[in-house]
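Protein chains in written order, with the numbering used here: chain A, 56 to 155; chain B, 198 to 692.
By construction, these hints were calculated from the structure, which means they are not laboratory data. Using N, Cα and C, we set each Cβ at its ideal position, and we do this for glycine too. It cannot be assumed that every hint is accurate.
Covered, in the sense of this in silico footprint (three residues per stretch, anywhere, with C-beta under 8 Å from a C-beta of chain A), are these stretches of chain B [what the hints assert, rightly or not]:
| id | segment |
| --- | --- |
| 1 | 289–298 |
| 2 | 509–521 |
| 3 | 524–532 |
| 4 | 540–553 |
| 5 | 568–576 |
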Amino acid sequence: MAQLSRTEVEEIALLARLHLEPDETTRLETELAAILESFGALAAANVEGIAPMTHAVPVDLALRGDQVEPSLSVDDALRGAPKRAGDVFLVPAIVTGKSE
Amino acid sequence: MSATIADVTRRIAAGEVTAEGLVDDAFARIGTIDPHLGAFLALDERGARQTARAIDKARSANEPLGPLAGVPIALKDNLVTKDLATTAGSRILEGWLPPYDAHVVEKLRAAGAIIIGKTNLDEFGMGSSTERSAFKPTKNPWDLSLVPGGSSGGSAAAVAANLCVASLGTDTGGSIRQPASFCGVVGLKPTYGRVSRWGVIAYASSLDQVGPITKTVADAAHLLQVIAGHDPRDATSLPTAVPNFAAALEAGVDGLRIGLPREYFGEGIDPGVRAALDETIEALRANGATIVDISLPHTHLALPAYYLVAPAEASSNLARYDGVRFGKRVEGVDLLDMYKRSRGAGFGPEVKRRIMLGTYALRAGYYDAYYKRAQQVRALIKRDFDEAFTRCDVIFTPVAPTPAFAFGAKANPVDMYLADVFTLSCNLAGLPGLSVPCGFTKAGLPVGAQLLGKPLDEATLLRTGAAIERWADITETPPGVATLEPKPDQGTQPS
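I would like the entire structure built from these sequences, with the hints used as guidance.
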């Protein structure tokens with residue numbers, strides 16, 4: 056069904072925001088190809104005209120009133136953060152703010 | 198601690214035991230046994246004693262007691278617990294203290310249950326042996342050289358080894374039923390939507406369900422009664438009335454039509470498993486059930502469909518672990534590098550494999566061939582069940598093709614995936630499924646029977662399971678744990 060090149064594995068890892076060591080990339084090349092190969096029966100299944108099933112049971116879209124309800128305090132929401140500054144999560148700068 | 202929920206609640210109400218005494222016994226036993234078993238990742242002795250004292254005080258004052266008052270219960274460590282470490286078996290959440298309780302934990306606490314600790318699991322529920330926990334393996338109480346199954350292996354082992362009275366697990370592709378089978382206990386995966394997923398650390402949201410792992414079918418009914426029901430915080434929680442699950446437990450199987458899907462009884466089933474199932478089928482027939490030959494023709498497609506749908510959902514769900522809001526952060530040269538390094542260091546090999554597989558399946562250009570096709574097959578599998586249930590009331594199958602296997606026996610990922618071959622369809626179709634001990638192999642390992650029911654018909658599964666349990670009578674202490682029991686004091690007899 057599928058052969059994965061090293062470049063493809065690296066592209067998927069980037070999409071998945073995963074840093075892989077070179078030996079992990081090598082192992083995943085083989086493993087993902089073997090897993091996809093074992094799924095061959097899927098390609099042969101006759102699914103013509105079958106609507107994809109996205110939910111296990113039919114669920115109507117659940118809506119609630121647009122009202123403020125009790126929720127986590129800012130401190131509770133932030134207390135697990137690896138880095139914070141006051142009431143915000145701290146991350147590496149995306150924009151440096153310098154003008155040329 | 199070999200007591201059931203029914204025993205404990207009765208004895209507490211009668212004043213024969215105190216909740217604090219039960220908690221003392223539980224932690225003493227955990228202290229002796231668990232260093233060798235590895236069922237728990239965290240214990241909450243302080244919280245448990247506090248709850249126990251409150252219950253004892255309420256009883257002394259003749260105040261009404263909840264339906265689980267004083268019952269020591271363990272929770273799979275992917276159910277979030279306020280101020281009690283919750284890891285989902287992953288390094289990426291190591292040290293995290295959740296700021297809230299999951300819906301099911303709120304329900305248990307309100308019912309008077311005593312939460313004694315958090316149990317081991319395959320990382321984020323991704324595995325069938327608990328070997329994929331980032332922290333430690335859990336051993337099987339029946340034979341310490343074997344796995345307990347997974348991913349709720351810690352919860353099943355803790356119940357089987359009498360380290361708690363009952364536990365909760367989660368089941369995305371068999372993660373309650375298969376470890377229950379391997380450990381000789383009862384495991385129930387409720388209908389999708391029966392139990393709220395609010396506060397369950399998500400693996401595959403269209404498949405995940407929380408359910409009880411217990412010593413008896415009656416206890417499973419009792420625990421389900423407490424945790425089931427609508428919760429507006431989970432958009433997929435069903436606004437459906439919850440029946441009295443205990444009501445039909447004694448009704449027996451007379452008049453029930455029990456379907457045997459021929460696709461589940463082919464080659465590849467361990468002879469000991471097969472023999473135990475055959476005996477159970479004969480007992481069902483002898484007790485008045487009608488055995489019906491049925492077919493679920495798309496069964497062979499359940500495994501590939503599951504292993505595309507579940508990783509696809511996982512790749513999306515696990516995007517939240519990025520080193521920003523909670524969990525592990527590894528600094529990088531910029532934001533993207535920080536994301537990649539945090540996730541690369543925090544996730545284990547199986548989680549990375551599934552994230553990669555899911556990302557691949559959802560990728561532009563591959564979506565139709567993999568993810569969409571898997572969802573179409575899912576619809577075919579559901580249709581098979583709908584048709585089968587016009588001819589029978591309950592479907593009877595093996596839980597797994599083999600009894601518990603050895604550590605390291607399924608090192609190849611595809612071999613490990615095959616351990617779930619009989620349990621996946623139930624999740625894909627959203628059905629309730631019960632694993633109930635039905636006998637032993639010649640080597641003395643427990644074998645589970647799987648009962649699958651119509652949506653929201655847990656009651657018929659529990660009724661059938663209770664009948665099987667009466668014949669199978671698995672009450673002995675697991676021999677692996679027996680070797681760890683404190684030795685009786687032999688030198689104090691008066692001469």
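Going down the list of hints, with the structure as the test:
1. 289–298: Result for this restraint: holds, n = 5.
2. 509–521: Since 5 is at least three, the answer is holds.
3. 524–532: It holds: at least three residues are needed, and the segment 524–532 of chain B offers 7 whose Cβ sits within less than 8 Å of chain A.
4. 540–553: holds (count 9)
5. 568–576: It holds, with 8 qualifying residues against the three required.
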